[in-house]
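Sequence order for the protein chains is L and U.
Heads up: the first sequence is residues 1 to 193, going by full-length UniProt numbering.
Heads up: the second sequence is residues 1 to 193, going by full-length UniProt numbering.
For the record, the hints were derived by calculation from the structure and aren't laboratory data.
All values reported here derive from a predicted model rather than from experimental measurement.
Any given hint could be a false lead.
No copy is singled out in the list; a pair is fine if it fits within one copy or between any two copies.
Capping the alpha-carbon separation at 16 Å, the derived lysine to aspartate or glutamate pairs in EDC-like fashion look like this [to be verified]:
no.	residue 1	residue 2
1	Lys168	Glu114
2	Lys145	Glu169
3	Lys40	Asp178
4	Lys96	Asp125
5	Lys8	Glu59
6	Lys172	Glu114
7	Lys50	Asp125
8	Lys40	Glu9
9	Lys40	Asp136
10	Lys40	Glu170
11	Lys96	Glu129
Number of protein chains: 2
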Amino acid sequence: MEKKLTAKERILRVAEQLFYREGVRAVGIDRIIQESGVAKASFYRNFATKDDLVVAYLELHRERVMGNIAHARQQRPDSVLAQLRYLMEYTADRMKLPTYRGCAFMNTAVEFPETDHPDHVKALDSRNEVWNHIEDMAREAGLPKPRELTEQLRMLWSGAAMVAYINKEEFKPQSFSDAANALIDSQAAAAAK
Amino acid sequence: MEKKLTAKERILRVAEQLFYREGVRAVGIDRIIQESGVAKASFYRNFATKDDLVVAYLELHRERVMGNIAHARQQRPDSVLAQLRYLMEYTADRMKLPTYRGCAFMNTAVEFPETDHPDHVKALDSRNEVWNHIEDMAREAGLPKPRELTEQLRMLWSGAAMVAYINKEEFKPQSFSDAANALIDSQAAAAAK
DNA sequence: AATGAGAGAGACAGATCTGTCTCATTTCTT
DNA sequence: AAGAAATGAGACAGATCTGTCTCTCTCATT
């Protein structure tokens, strides 16, 4: 028997879909209230403001992304470098899904450009946490310049996310994987000589 | 003696600054009217809607970007490949400027996610025109897979623009240039063997 | 000097969005 | 079963934004 979802859960579930698919600014509170079948009072009892909901949405997304990293670590238990390569490939493949609408953190940061806006701050913090973890992996893998490599991978991955979002039809996961591996190999080669 | 700017010119000039610095959705018509010292009627005599102004802003930006490409071609008249490398380095260096706020085309596309929104369409068209030109350069340079390389450079450059925008303090033009050259070299090496 | 286009100032309408409040009803706890 | 807490429905206020309209003034052309 299915558990009945609480108002808060329904709101968050609908918000996640709508915010990601149509953008945070484009989706109003009324829309979320209507589609989640919740009363306005119930909404504001669970979230003080819309921004609070946005922060909760970003937090949910952060957890999912960290889950992806954990997944990659489990899939390639023997080599951290293999975990890195797998993570890049795995996420790039997912960008090809028709539901892919870019990186929620980047999109939200762009939608709220004021650097001290709570949504902007939360988006950046989440993004940074993820990439700090990846940098740790690069360091753990014993690569000579984990910092530089992570910077490069972050640029490449971030751009891939944008291309997959805006120029979906032209995005080729293989091109991305090739490029990512070229960057990793390039650094490994520089270290070997 | 300085020429007096017409209302339209003043509006466009102010709009370019404000839209780029603070985002299109965040800047209202009233703000632009006030800061350009123009009457509301004068605004709507020159631009039918706000979207029309946004399209004009993007068109202006497109011209500037194409100007950057022309600049790169002039700076390295002998080798198209050198033009490509120069263009990447030149634009990456400019991303380090404190006024840099990311790629206007990507930002606007994210701000208006509806794919048939006139601002979204104009942003995408402009972006595609630029990268089609770069692909032509890669082809002209005699590279084996100009398409793939351009895709990779577009991902890397787009991500660099985002990093330079959102994580400004951590952006290193040198890391970008290294990565871009690694991608170019990687393809050249693959072709040579 | 006369005329007409362009421009400034700002009130106003209409739409939209966030957030508040009331009240009846349902659901959970004990 | 009874009281307490959560929920649904929706009116309403207040802010903000786009776009319209009127009226006046300036300036260039003739």
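Outcome of the hint check:
With identical chains, the CA atoms of lysine 168 and glutamate 114 are at most 16 Å apart between copies only, with a shortest distance of 14 Å across copies and 28 Å within one. Taking the shortest Cα distances, lysine 145 and glutamate 169 never come within 16 Å of each other, neither inside one copy (34 Å) nor across copies (18 Å). Proximity of lysine 40 and aspartate 178 under a CA criterion of 16 Å is satisfied in neither setting, with 49 Å inside one chain copy and 53 Å between copies. Taking CA atoms no more than 16 Å apart as the test, lysine 96 paired with aspartate 125 passes in neither setting, with 26 Å inside one copy and 21 Å between copies.
Taking the shortest Cα distances, lysine 8 and glutamate 59 sit within 16 Å of each other inside one copy (14 Å), while across copies they are farther apart (44 Å). For the identical chains of this complex, lysine 172 and glutamate 114 are neighbours neither inside a copy (33 Å) nor across copies (22 Å), given an alpha-carbon limit of 16 Å. In this assembly of identical chains, lysine 50 and aspartate 125 lie within 16 Å of each other by CA distance neither inside one copy nor across copies; the values are 19 Å within and 33 Å between. In this homomeric assembly, lysine 40 and glutamate 9 come within 16 Å of each other (Cα to Cα) only inside a single copy, at 15 Å, whereas the closest approach across copies is 45 Å.
Taking identical chains as interchangeable, the C-alpha atoms of lysine 40 and aspartate 136 are never at most 16 Å apart, the minima being 44 Å within one chain and 54 Å between chains. In the homo-oligomer, the alpha carbons of lysine 40 and glutamate 170 never lie at most 16 Å apart, since the shortest distance is 42 Å inside one protomer and 42 Å across protomers. In this assembly of identical chains, the alpha carbons of lysine 96 and glutamate 129 never lie at most 16 Å apart, being 24 Å within a copy and 23 Å across copies at closest.
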